[in-house]
Amino acid sequence: MTREEMFAVVKANMQEIVEAAKGRDILETDSMRDIGADSLEIVEVVSRSMKQLRIKVPRTELTKAENLKDLLDLFERSAASIPTPPDR
Amino acid sequence: MSRWPGAPLSEEANALLRAAERGPLLPDEVAATRPRLDRAAIEALLPHRGRSLLLDEVLAIEPARGLISAGYDLDPGRAVFAEHFPGRPVWPGLLQVEAIGQAGLLLMLESRRGRREALPDPDDAADEPFAHALTHVLWARFVRPVEPGGRLVIGAAVVEDGLFHLVVGQCLKEGRVSSVAVLSGV
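Protein sequence lines correspond, in order, to chains E and U. Heads up, the first sequence is in numbering that gives the first Met the number 0, so the first residue is 0 and it goes up one at a time. Heads up, the second sequence is in numbering that gives the first Met the number 0, so the first residue is 0 and it goes up one at a time.
Just so you know, these hints were derived from the structure itself, not from any lab. Watch out, some of these pointers could steer you wrong.
As the list claims (entries may be wrong) - Which residues of chain U face chain E? A partial, calculated answer using Cβ under 7 Å:
#: 1; residue: T134
#: 2; residue: G161
#: 3; residue: L162
#: 4; residue: F163
#: 5; residue: V185
In this text the structure is predicted, and so the values were computed from the model without any measurement. Yeah, the Cβ is synthetic: ideal placement off N, Cα and C, and Gly gets one too.
The following block holds chain U by itself, in its conformation from the complex (with noise of 0.2 Å):
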């Protein structure tokens, strides 16, 4: 069955992939200006907890363009590291792609409590930690590996492709991308 039938990624898309591959989407100089949101302000937008949310902190979210940043404190002390793998811990790249999933549904719901505050709709009016959902993952690369230790920071952006969103994310540690995925929801 082809559930995405080779549809090629938008020029938008594209050029979002391309600059996720060389740097930061979000760079930290921007980041840095931007009001942070802790774990408990992510918990009230994602319905994820304990050791499923993978997002520890919003760096920076910036709904009108499109773009999140976030952070997750990549402790040696996670139970992860010890089975993934015995003497040599990696963050498993599977995981990666989760947390740019987490972060582009963080965003398309904090996108969609703005529209709800400034335009309400009453015919709308599905669960809202469950209003998103991502159906696809459509690309991902795993650049190189993560070790335990620092912070790993995932960037996303999130564009429309008719009833779909795409969600364009990365994995960096120390400025330095680790993966790359592209994912689509609705």
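Just chain E, same shape as in the assembly (with noise of 0.2 Å):
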């Protein structure tokens, strides 16, 4: 999973779930507050991702993320985190 898929995952659920987001472009120094989600929307977009992403990030280390530029960063190595399987 490259940083370009992940931040197409999150783009995609901030275009959902926050309605201030829909239409707009959305870069890698723009914070979700900024863009107009509020607290809740905010937690939605990110749990959601991880699901879709399948990675783990505690929510203390979430909490110091002030853009998705440091969301992203947290999600890659989270990602590089995890064991890749075995080749058959």
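Dock chain to chain to rebuild the complex, using the hints, since each chain is given by itself in its own frame.
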């Protein structure tokens, strides 16, 4: 899973859950709050994205993310820590 | 706005919901063997007070299994019965949903307390009674009226769902299910 693919998942969830994000260009430097998401919408976007990406980032780490770039950094680190199944 | 856009319940939550509709999530004979918590012990965990606290006693709490059973005295003298409804007293369905939510919160807070005791996390300094909050009522069904007198038993199971917790709960009187609800919280 590349960073671009992770970003696509997050953006799709934002477009679906956050009214203000619909039809808008979303950049890594954006923060969900600046785009207009409330705190519950942010939790929903992150929760659903993690489920879809099959990664788990501790809540205490997530609270340190100030924008989507920080969030994707956390997702990348989490994905990298998941062992790859051996080739058959 | 699609807050919870038709996300289906997990298989685990669905199984709990079906079980909650059939009978007690924590049978009386199991609850009878567990230590109880009185109202003071409940207030040490939950922030609710006075008439807003809808649990009088915890009959059994099993954080490892994600299960709780609590009781509430349906004293006919409670003001709510005089008003809901005059001449036909019934304990409100929405209070049953609230009681299920409080049981779920109590279980979440007790589980959190246990985790923090086992593994303190200095970064996680959320004020304990408000560390969790309910965010959605996903589903509720009122099966039969709850009349005054006797004890209401509130059962709840909590399962993780991403960053959310799902509370699948039930209210019972005399062993018969009066309501079932599914809530979520963070």
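Results for each hint:
1. Taken as an interface hint, T134/U checks out: its beta carbon lies about 6 Å from the nearest beta carbon of chain E, inside 7 Å.
2. Satisfaction of the interface hint for G161/U is found here, the shortest Cβ-Cβ separation to chain E being roughly 3 Å, below the 7 Å cut-off.
3. At its closest, the beta carbon of L162/U sits 4 Å from a beta carbon of chain E; the interface hint therefore holds under the 7 Å criterion.
4. The closest approach between the C-beta of F163/U and any C-beta of chain E is roughly 6 Å, which is under the 7 Å cut-off, so the hint is satisfied.
5. The interface hint given for V185/U is met, as the beta carbon of that residue sits about 6 Å from the closest beta carbon of chain E, less than 7 Å.
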